[in-house]
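As you go down the protein sequences, you meet chains A and H in turn. Residues 146 to 993 (the working numbering) are what the first sequence spells out, left to right. Residues 2 to 201 (the working numbering) are what the second sequence spells out, left to right.
Since the hints were made in silico from the structure, they are not lab data. Fair warning: there could be bad hints in the mix.
Stated by the list, open to error - To give an idea of the chain A side of the interface with chain H (calculated C-beta under 7 Å), a few residues:
1. Leu-194
2. Lys-200
3. Pro-299
4. Gly-462
In this text, a Cβ means the ideal position worked out from N, Cα and C, and glycines have one as well.
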Amino acid sequence: MFTPAAESLLRQAREIQDEELSRFCSRVVKLLQKDPGAEAVDALRRLFLIVSATKYGRKLEKPCVDLLQATICSPACPEQLQLLCAAILREMAPSEGLNLSCDHIQKSRTLSLAASVLLAQGDRQDEVRSVGQRALHLLEARQTEGPGPRALLPVVSKVVSLAPGTLPEAQADMLHRRLVDWLRYASVQQGVAQPSRGFFSAPRTRQPGPVTEVDGAVATDFFTVLSTGQHFTEDQRLNVHAFSMLRTWLLFSGPASRDASDADDRSELEGSTLSVLSATSATASHLLPPQQQLRAGAFEYCQRLLEQSTRRALRKGDSDLQKACLVEAVLLLDVLCRQEPSFLYRALSCLKALLGRLCGDPAQARTLLPIARFLLSHGEAAAVDSEAVCQHLFTSVLADLFPNPMLAFEFAQFCRDSLHLFNPDQGTFKLSFPNLFKLLAWHSPALTSEFVVLLPALVDASTAVEMLHTLLDLPCLTAALGLQLSRSSPTASERPLWDVSLRPTSCLEGFRDPEFQGLFQYLLRSKAGGATKRLAPLHHLLQPMASCARVVQCAQAVPTLLQVFFAAVTQALASSLSSREHLPQSWPPPALRIRRDSPQKGLQTPSPCQVASGDLSAQLALVLLERSNSLFQVPQYEAQVHRVMSSQLLALCRLRPALVVELARDLLEFVGTVSGIRSRESMFTAVVWAIGEYLAVSYDRRCTVEQVNRFFEALEALLFEVTQSRRSATLPPYPPQVVTVLMTTLTKLASRSQDLIPRVSLLLSKLRALPQGPAMGSVPRDEDTDAIRMRATELTNLLKMPSVAQFVFTPGMEASTPRFHRDANTALPLALHTVSRLVDREAGLLPA
Amino acid sequence: MVHAFLIYTLRAPHAEDTGFCRVLYSCVFGAEKSPDDPRPHGAERDRLLRKEQILAVARQAESMCRLQQQASGHSSVDLPPQSSDEPASLHEAPHGAFRLAAGDPFQEPRTVVWLGVLSLGFALVLDAHENLLLAEGTLRLLARFLFDHLRLLAPSANLLLRADRVEAILARFLPHGQLLFLNDQFVQGLEKELSAAWPL
Chain A
146 MFTPAAESLL RQAREIQDEE LSRFCSRVVK LLQKDPGAEA VDALRRLFLI
196 VSATKYGRKL EKPCVDLLQA TICSPACPEQ LQLLCAAILR EMAPSEGLNL
246 SCDHIQKSRT LSLAASVLLA QGDRQDEVRS VGQRALHLLE ARQTEGPGPR
296 ALLPVVSKVV SLAPGTLPEA QADMLHRRLV DWLRYASVQQ GVAQPSRGFF
346 SAPRTRQPGP VTEVDGAVAT DFFTVLSTGQ HFTEDQRLNV HAFSMLRTWL
396 LFSGPASRDA SDADDRSELE GSTLSVLSAT SATASHLLPP QQQLRAGAFE
446 YCQRLLEQST RRALRKGDSD LQKACLVEAV LLLDVLCRQE PSFLYRALSC
496 LKALLGRLCG DPAQARTLLP IARFLLSHGE AAAVDSEAVC QHLFTSVLAD
546 LFPNPMLAFE FAQFCRDSLH LFNPDQGTFK LSFPNLFKLL AWHSPALTSE
596 FVVLLPALVD ASTAVEMLHT LLDLPCLTAA LGLQLSRSSP TASERPLWDV
646 SLRPTSCLEG FRDPEFQGLF QYLLRSKAGG ATKRLAPLHH LLQPMASCAR
696 VVQCAQAVPT LLQVFFAAVT QALASSLSSR EHLPQSWPPP ALRIRRDSPQ
746 KGLQTPSPCQ VASGDLSAQL ALVLLERSNS LFQVPQYEAQ VHRVMSSQLL
796 ALCRLRPALV VELARDLLEF VGTVSGIRSR ESMFTAVVWA IGEYLAVSYD
846 RRCTVEQVNR FFEALEALLF EVTQSRRSAT LPPYPPQVVT VLMTTLTKLA
896 SRSQDLIPRV SLLLSKLRAL PQGPAMGSVP RDEDTDAIRM RATELTNLLK
946 MPSVAQFVFT PGMEASTPRF HRDANTALPL ALHTVSRLVD REAGLLPA
Chain H
2 MVHAFLIYTL RAPHAEDTGF CRVLYSCVFG AEKSPDDPRP HGAERDRLLR
52 KEQILAVARQ AESMCRLQQQ ASGHSSVDLP PQSSDEPASL HEAPHGAFRL
102 AAGDPFQEPR TVVWLGVLSL GFALVLDAHE NLLLAEGTLR LLARFLFDHL
152 RLLAPSANLL LRADRVEAIL ARFLPHGQLL FLNDQFVQGL EKELSAAWPL
């Protein structure tokens with residue numbers, strides 16, 4: 146436990162001064178030289194704390210550092226001291242004054258200790274390679290007695306994973322051979338007996354009994370990590386170490402560039418009959434090169450593990466190990482089949498048999514993921530369909546096991562790694578997003594970053610609208626999942642899934658209520674269906690759960706995910722729109738345009754996103770308008786989502802300015818209600834701004850004078866209401882942004898339909914004379930009113946020169962090209978400068 | 002392979018401000034290759050970076066644990082210490098995994114598996130495609146041994162001054178960051194060895 150005493154100890158260690166440390170070092174030196182006993186141990190423990198407790202470098206005296214190194218290499222020294230010395234040196238790493246070298250170390254245990262220090266140096270002086278070579282040299286020396294090789298195997302494994310492919314081939318071959326021996330020919334007798342070479346050879350001396358399987362039966366074949374007994378022989382221990390390092394060794398022991406070339410050759414080799422015939426077993430493979438011998442041995446080991454994993458383990462620990470072994474075996478088979486495609490057919494037949502057994506067992510769900518991955522990456526070559534197992538994973542496994550944090554993480558990782566392998570025709574992956582989002586809804590802190598990567602791959606034109614709704618309802622999904630869980634496990638008293646103090650009983654009753662059943666089923670669906678349902682009734686029902694920590698956490702993740710979603714959608718839309726940039730801006734309408742531009746794309750068939758682009762952006766904009774008013778009421782959720790929604794609505798309009806004309810009716814409806822302004826101010830501002838910006842003939846020829854007038858009238862009425870409320874003492878005034886955006890938009894519209902200029906001038910003049918708003922609370926409102934007055938004055942001035950106003954407010958498409966800003970004669974800044982000079986002169990004449 | 006193992010403090014899930022997350026012990030198994038940095042004090046900067054990396058992992062793992070505990074609506078710190086029944090509570094303990102993208106904070110992408118027991122957090126920083134089932138089992142095993150052998154539940158026991166025992170446990174169950182496939186009997190054998198060499 147961490148106590149205040151520990152905290153103060155930590156502080157003391159950090160605050161120790163250099164002189165004090167140097168005195169302490171000399172004490173350590175004396176103790177180590179004199180009598181390395183309990184006192185020395187205590188001093189070294191403190192020294193470790195002093196060195197490790199701070200992130201800043203600690204300078205130890207040279208004699209002290211030298212003595213620490215000498216202690217590591219001294220064969221007679223007790224383990225405790227050596228471990229401490231090695232730990233201190235490791236904590237100081239990288240250190241420039243280290244002169245520890247592994248070149249003359251003869252004992253494997255010493256090398257192992259020195260390696261922990263040397264490998265921590267950051268490989269500035271090629272330490273990794275020298276440690277690796279020394280370790281292999283000692284292994285070569287055939288120290289079969291004692292725990293020699295066992296101490297070295299992890300060192301070798303670390304070395305190859307730090308610096309793949311650096312070991313000399315001859316030495317690597319030696320280890321290939323010895324690994325085969327350890328893996329395949331460990332003793333099948335228990336206890337501390339002489340290792341008997343060759344499996345099934347009759348034991349000559351009396352043995353304590355044969356090793357057993359995890360279910361207690363006598364072992365039927367060679368020893369593996371799943372074979373058990375009372376005691377283990379040294380070669381059995383080596384077997385465990387050899388298997389533990391096997392995957393790392395197979396992956397990284399070869400020349401560094403091997404993997405890439407293997408992947409290229411694979412397709413040719415996988416289909417050939419010859420390679421099937423050449424697949425030989427380890428027992429008959431002595432003539433093969435060592436690397437292939439090892440692969441054959443590893444393959445047999447995996448087969449045996451798969452067989453052993455079917456046994457019913459007597460102990461909990463062994464049953465966990467069985468699962469881990471199953472995963473490792475499948476991962477190994479994947480590596481082996483990549484390196485030697487001839488294994489593929491045998492591996493597939495093993496795995497197919499395995500699948501049938503595992504699919505029905507929820508406890509084995511995590512082991513299905515590597516199998517599915519194997520089938521996805523190799524299935525095509527062997528004409529084996531991975532669809533069934535993917536279906537199973539994406540439907541029942543996700544729906545039933547989403548609360549498991551490790552499964553959730555592994556599932557997300559599986560999807561992320563397999564993105565390029567999912568078959569786009571079958572669509573299992575893309576259509577399963579409602580189920581995948583359950584992981585996200587339940588484990589949002591750990592999985593948000595995973596879904597930031599996954600989301601763009603899940604987005605599809607046909608489901609984008611549904612996905613947007615689902616994302617907006619994600620906190621609602623979290624609450625519904627909580628209800629589903631507490632209903633399915635009545636023993637929730639043991640492990641409360643929710644804050645017990647909340648007792649969402651009304652929600653639970655609602656969950657059973659037939660009235661809401663349909664909506665809950667829709668919310669908890671496992672596949673995208675294309676249709677969308679409005680969940681507003683559920684928002685009310687689930688309201689008591691909106692303050693649950695899990696729901697709040699999920700709500701915090703949604704804005705980020707929305708950004709990612711829109712980034713993916715707008716990117717797809719932009720690419721499909723830019724492919725027809727040379728066509729007239731707004732004609733023909735989208736439906737016709739598609740037919741015309743798809744042949745122009747050459748051989749590429751247009752992606753679904755491209756086909757539906759015009760439609761899709763309109764649909765998404767509509768969803769944004771509608772949903773801004775219908776969100777689950779989680780604290781701060783609405784404000785944050787509105788912020789994203791408004792910026793994305795503007796982005797959509799920027800992408801397709803014609804949206805404003807196409808959605809005229811909906812936009813009018815949206816701005817028609819003054820009550821909406823307060824609850825969704827940022828959305829309102831964005832919509833009004835978009836109207837002013839894009840309701841112009843230059844963007845869409847379908848834009849008519851009547852349309853401009855209609856918008857003008859609606860906004861004029863709104864501005865009137867808004868300013869009226871500013872005069873009222875009872876209502877809080879609308880924020881100045883709302884007033885200014887309304888004014889600006891009205892002025893823009895007037896600049897395009899010049900009959901409206903007198904009306905807008907009148908309005909603006911009223912606003913210039915706006916009285917000071919009533920002071921609300923302690924906040925003086927003067928600045929707000931000043932801002933409004935100033936904007937009104939500016940706009941009035943601009944409108945005095947209608948043609949300039951039109952140019953400034955509707956600069957035309959070329960304003961966005963770089964040339965427009967670089968060329969001094971056409972530049973917008975120049976135009977603005979001229980205008981402001983003219984206007985300033987006028988303004989000087991105006992009464993203040 | 003495991004890149005690092007660390008023990009850090011967990012703050013109470015519902016308390017707003019109770020100090021910092023502290024790394025009480027960390028072990029990096031083989032450092033990532035140092036950048037070629039010709040400036041002086043390269044080694045010092047390198048060490049600073051590594052310490053900051055570990056602290057970043059600890060902080061992130063700590064907040065993951067806190068968020069998970071908040072979400073499930075209970076706090077482990079409120080629970081009374083169950084002194085004799087450690088393994089049972091280990092299976093109930095909050096645990097999870099998260100990914101660290103390449104360059105943030107390590108050069109390579111990594112996976113972190115964490116376990117929160119009472120006020121202590123334990124975490125393994127793994128290579129990206131390590132066997133997570135094995136890593137999870139190993140982390141539980143290490144936590145159990147650390148609790149047993151360092152008597153972490155006793156109020157006076159001080160983890161900070163028992164680094165040698167932590168090192169001894171790691172040397173046997175996670176040598177050089179190698180995850181081992183140890184069956185139940187094998188674990189018992191190793192534990193006997195440990196107890197013989199390091200009597201309690």
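Against the structure, the hints come out as follows:
| no. | hint | result |
| --- | --- | --- |
| 1 | Leu-194 | holds, 5 Å |
| 2 | Lys-200 | holds, 4 Å |
| 3 | Pro-299 | holds, 4 Å |
| 4 | Gly-462 | holds, 4 Å |
Figure legend: structure checked against the earlier numbered hints; every hint is met.
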